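Q: Let chain A serve as the given structure and place chain B on it in line with the hints.
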Amino acid sequence: MIERKDFKYYVLRIIELIVLIIWLFPLIWMALTSLHVENDLISKSFHFLPAHPTLANYTKAFTSTYILQWLINSIIISTSTMILTLIIDAPIAYAFAKIKFKGKNVLFWLVMAGMMVPFQVLIIPLYLQFNSYHLINTSLSVILPRVALPIGVFILKQFFEGIPNALEESAFLDGATRYKTFSSVILPLSTAALTTVTILSFINSWNDFLWPLIALNDTDKYTITVGIANFQGTHGTEYALLLSGAVIASIPQFVFYLFFRKKIVEGIAMAGLKG
Amino acid sequence: MIPGNKDSRDGYIFCIPFLLIYILFMVYPLINGFIISFFKYNILSTKKFIGLANYRTLFSDSKFYSSLWHTTQFVLITTPSLLILGFLMALFVNSKSPFKVAGESIFFIPYVFSMTVVSTLWAWLMQKNYGLFNHLLSTVGLNPVGWLIDSKWAIWSVSFATLWWTAGFNMILMSAAIRQIPTEIYNSSSIDGASYWQTVFKITMPLIKKTLSLCLILQVIASFNVFGQVFVMTGGGPYGSTRVLIQYIYENGFSYFKMGYSAAMSYILFALIMICSLILNKIGGNEDD
Numbered sequence: 001m002i003e004r005k006d007f008k009y010y011v012l013r014i015i016e017l018i019v020l021i022i023w024l025f026p027l028i029w030m031a032l033t034s035l036h037v038e039n040d041l042i043s044k045s046f047h048f049l050p051a052h053p054t055l056a057n058y059t060k061a062f063t064s065t066y067i068l069q070w071l072i073n074s075i076i077i078s079t080s081t082m083i084l085t086l087i088i089d090a091p092i093a094y095a096f097a098k099i100k101f102k103g104k105n106v107l108f109w110l111v112m113a114g115m116m117v118p119f120q121v122l123i124i125p126l127y128l129q130f131n132s133y134h135l136i137n138t139s140l141s142v143i144l145p146r147v148a149l150p151i152g153v154f155i156l157k158q159f160f161e162g163i164p165n166a167l168e169e170s171a172f173l174d175g176a177t178r179y180k181t182f183s184s185v186i187l188p189l190s191t192a193a194l195t196t197v198t199i200l201s202f203i204n205s206w207n208d209f210l211w212p213l214i215a216l217n218d219t220d221k222y223t224i225t226v227g228i229a230n231f232q233g234t235h236g237t238e239y240a241l242l243l244s245g246a247v248i249a250s251i252p253q254f255v256f257y258l259f260f261r262k263k264i265v266e267g268i269a270m271a272g273l274k275g
Numbered sequence: 001m002i003p004g005n006k007d008s009r010d011g012y013i014f015c016i017p018f019l020l021i022y023i024l025f026m027v028y029p030l031i032n033g034f035i036i037s038f039f040k041y042n043i044l045s046t047k048k049f050i051g052l053a054n055y056r057t058l059f060s061d062s063k064f065y066s067s068l069w070h071t072t073q074f075v076l077i078t079t080p081s082l083l084i085l086g087f088l089m090a091l092f093v094n095s096k097s098p099f100k101v102a103g104e105s106i107f108f109i110p111y112v113f114s115m116t117v118v119s120t121l122w123a124w125l126m127q128k129n130y131g132l133f134n135h136l137l138s139t140v141g142l143n144p145v146g147w148l149i150d151s152k153w154a155i156w157s158v159s160f161a162t163l164w165w166t167a168g169f170n171m172i173l174m175s176a177a178i179r180q181i182p183t184e185i186y187n188s189s190s191i192d193g194a195s196y197w198q199t200v201f202k203i204t205m206p207l208i209k210k211t212l213s214l215c216l217i218l219q220v221i222a223s224f225n226v227f228g229q230v231f232v233m234t235g236g237g238p239y240g241s242t243r244v245l246i247q248y249i250y251e252n253g254f255s256y257f258k259m260g261y262s263a264a265m266s267y268i269l270f271a272l273i274m275i276c277s278l279i280l281n282k283i284g285g286n287e288d289d
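Chains as they are written, first to last, in our numbering: chain A, 1 to 275; chain B, 1 to 289.
Just chain A, with the same shape it has in the complex (with noise of 0.2 angstroms):
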């Protein structure tokens, strides 16, 4: 009896192993096949290992195409719709948690109805809409309607709401004005409420493909993830250069994920399990 379940055991485990390697092996391609030569890749006998591995595709996404222009473009985008997302999120649900005032169920639900409407709805009247303001083709095009982040200020009020009123009290007795609790003490307090809203922000305009791609019309404007798809268009069968450009491209998503890793894994759960 014992020994079989050993043997069963062994069995499920080598199982797991290969299907977890199996599930990696899809990046571990991306990696090997960047470091091949462009000829090598369309030749007769297959290579799964480069036979001359090289850097010169990656020397030739950098120098003859626009990369590190899309990933500062990026960066600054996200970057910028991150830090917009959480001044205007914080204070609205500061406000949902902790004050009273007049219509202030009507607000919350107005809110909280955003998170329904699909961004795709919006694509047509905003590019009438950006068109007009003469915005079309800037970052500020492409920053400005992900900033709103209703999912952000549901997280942020469901937190707000499990800290003690009797902190912010005490500080009013001491004739301490909203603006000034907020900023010194709930906002201390929330950090880790904070930094989710950060990381969904900084991942949901990081991933945005659509609206940029309408929204961003020279080359040299465009996002990251927009511009790897334009590289498919003009680089359709350089496939060594093409997936270097896609192993660049994840290099700042890659340290992002591995410096918040628990945060961003915690931050999904968490807008999961209270949503």
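One thing to keep in mind: the hints can contain errors.
In silico lysine-lysine, BS3-like type, Cα no more than 27 angstroms apart, as pairs [claimed, not checked]:
(1) A/Lys100 with A/Lys180
(2) B/Lys202 with A/Lys8
(3) B/Lys128 with B/Lys96
(4) B/Lys6 with A/Lys180
(5) B/Lys100 with B/Lys202
(6) B/Lys96 with A/Lys8
(7) A/Lys262 with B/Lys63
(8) B/Lys63 with B/Lys47
(9) B/Lys100 with A/Lys262
(10) B/Lys100 with B/Lys6
(11) A/Lys263 with B/Lys210
(12) B/Lys6 with A/Lys100
Ranges between beta-carbon positions, derived for each pair [said to hold, decoys possible]:
(13) B/Asn94 with A/Gly162: 23 to 31 angstroms
(14) A/Gly233 with B/Ile275: 50 to 58 angstroms
(15) B/Pro144 with A/Arg261: 37 to 45 angstroms
(16) B/Pro144 with A/Leu68: 34 to 42 angstroms
(17) A/Gly233 with B/Gln198: 38 to 46 angstroms
With the C-beta cut set under 8 angstroms, the calculated list includes, among others, these residues of chain A facing chain B [stated by the list, open to error]:
(18) Ile83
(19) Ile87
(20) Ile92
(21) Val121
(22) Leu242
(23) Lys262
(24) Val265
If you're looking for bench data, these hints aren't it; they were derived computationally from the structure. These numbers were taken from a predicted model, which means no experiment stands behind them. Every residue, glycine too, gets a C-beta built ideally from N, C-alpha and C.
A: The following block gives chain B in isolation, referenced to the frame of chain A:
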């Protein structure tokens, strides 16, 4: 409370920055788009009110129907498979396997990469002449498959890439819910001699039902909004066989400049998504009570 008399004023002041942006870039375009859908509107010409004509045209547009069908196909393929796969992954990372920690990272990692990177990578894996998949097929003596250029396969191939990309997201949601189940419940069931899968079906699934129905709704919404993967991997081809609704909306708006028509179509999509989530919500909610 001390600032009591100033509460109303403070409440509004704290709301203003968000509401300003929200109304300007969400509420206003949402309403404006709906109005535009009743106009014949090509950016260069003037707007002309045509009532329901856009909606009427739409219902006799065969490309609209085929795009809607492709989107529906994508929803039907990816929703169940992503939920099941996500759930299996969540079970795995909460099991006693020595690989569960590594598993959580490995299953989640594809989600970290952006849609265009994932699509580029999978378009390469599935490339007909030089892609890895067909190399593997030929080593076992099978003929190469036109994963992305054969209309029989294309939608499945894109769905498969999507599965790899986002299953980890569902895993995280479900795994978080599983972790909230008190361990005593499991202990008592193992004393009762329940097998692993009995425990899963009788205890785990009912206890995380709320999260499962949330995942279902989120997934249906996300799948209805599919565009990027298809656009990058197949461009809607071969011969429009994978053109999804959002791509058709995009083409009408920005290739043919039929803004009104395009807006009308996006409102139909919006309505469909709303109806689906309401129905799913109702089903999930009713069972809860």
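Q: Next pair to validate is lysine 6 of chain B with lysine 100 of chain A; report whether the Cα-Cα distance is within 27 angstroms.
A: Given pair lysine 6 of chain B, lysine 100 of chain A holds - Cα atoms ~10 angstroms apart, limit 27 angstroms.
Q: A closest beta-carbon separation below 8 angstroms is what the hint needs, so does leucine 242 of chain A meet it against chain B?
A: holds, 6 angstroms
Q: Taken at face value, is the distance from the CA of lysine 6 of chain B to the CA of lysine 100 of chain B at most 27 angstroms?
A: Given that 27 angstroms is the threshold and the Cα spacing comes to 53 angstroms, the pair is violated.
Q: Next item in the hint list is lysine 262 of chain A. Is there a CB on chain B closer than 8 angstroms to its CB?
A: violated, 11 angstroms
Q: If you draw a straight line from the CA of lysine 262 of chain A to the CA of lysine 63 of chain B, is it 27 angstroms or shorter?
A: violated, 45 angstroms
Q: Looking only at beta-carbon atoms, does the pair proline 144 of chain B, arginine 261 of chain A fall within the given range of 37 to 45 angstroms?
A: holds, 38 angstroms
Q: Decide if the proposed pair is consistent with the structure: lysine 128 of chain B and lysine 96 of chain B, CA atoms, cutoff 27 angstroms inclusive.
A: violated, 40 angstroms
Q: Would you check the hint for lysine 100 of chain B and lysine 262 of chain A, treating anything up to 27 angstroms between C-alpha atoms as holding?
A: Holds, because 15 angstroms separates the two Cα atoms, which is no more than 27 angstroms.
Q: Hint validation: valine 121 of chain A versus chain B, beta carbon distance must be below 8 angstroms. Holds or violated?
A: It holds, given that the least Cβ distance between valine 121 of chain A and chain B is near 5 angstroms, below 8 angstroms.
Q: Is the gap between the beta carbons of glycine 233 of chain A and isoleucine 275 of chain B within 50 to 58 angstroms?
A: For isoleucine 275 of chain B against glycine 233 of chain A, whose Cβ atoms are near 36 angstroms apart, the range 50 to 58 angstroms is violated.
Q: Is it true that the CA of lysine 6 of chain B sits at most 27 angstroms from the CA of lysine 180 of chain A?
A: holds, 14 angstroms
Q: Confirm or reject the claim that asparagine 94 of chain B and glycine 162 of chain A have a C-beta distance inside 23 to 31 angstroms.
A: The hinted range 23 to 31 angstroms holds for asparagine 94 of chain B and glycine 162 of chain A, with Cβ atoms some 26 angstroms apart.
Hint compliance for this structure: hints 3, 7, 10, 14, 17, 18 and 23 are not met, and every other hint is.
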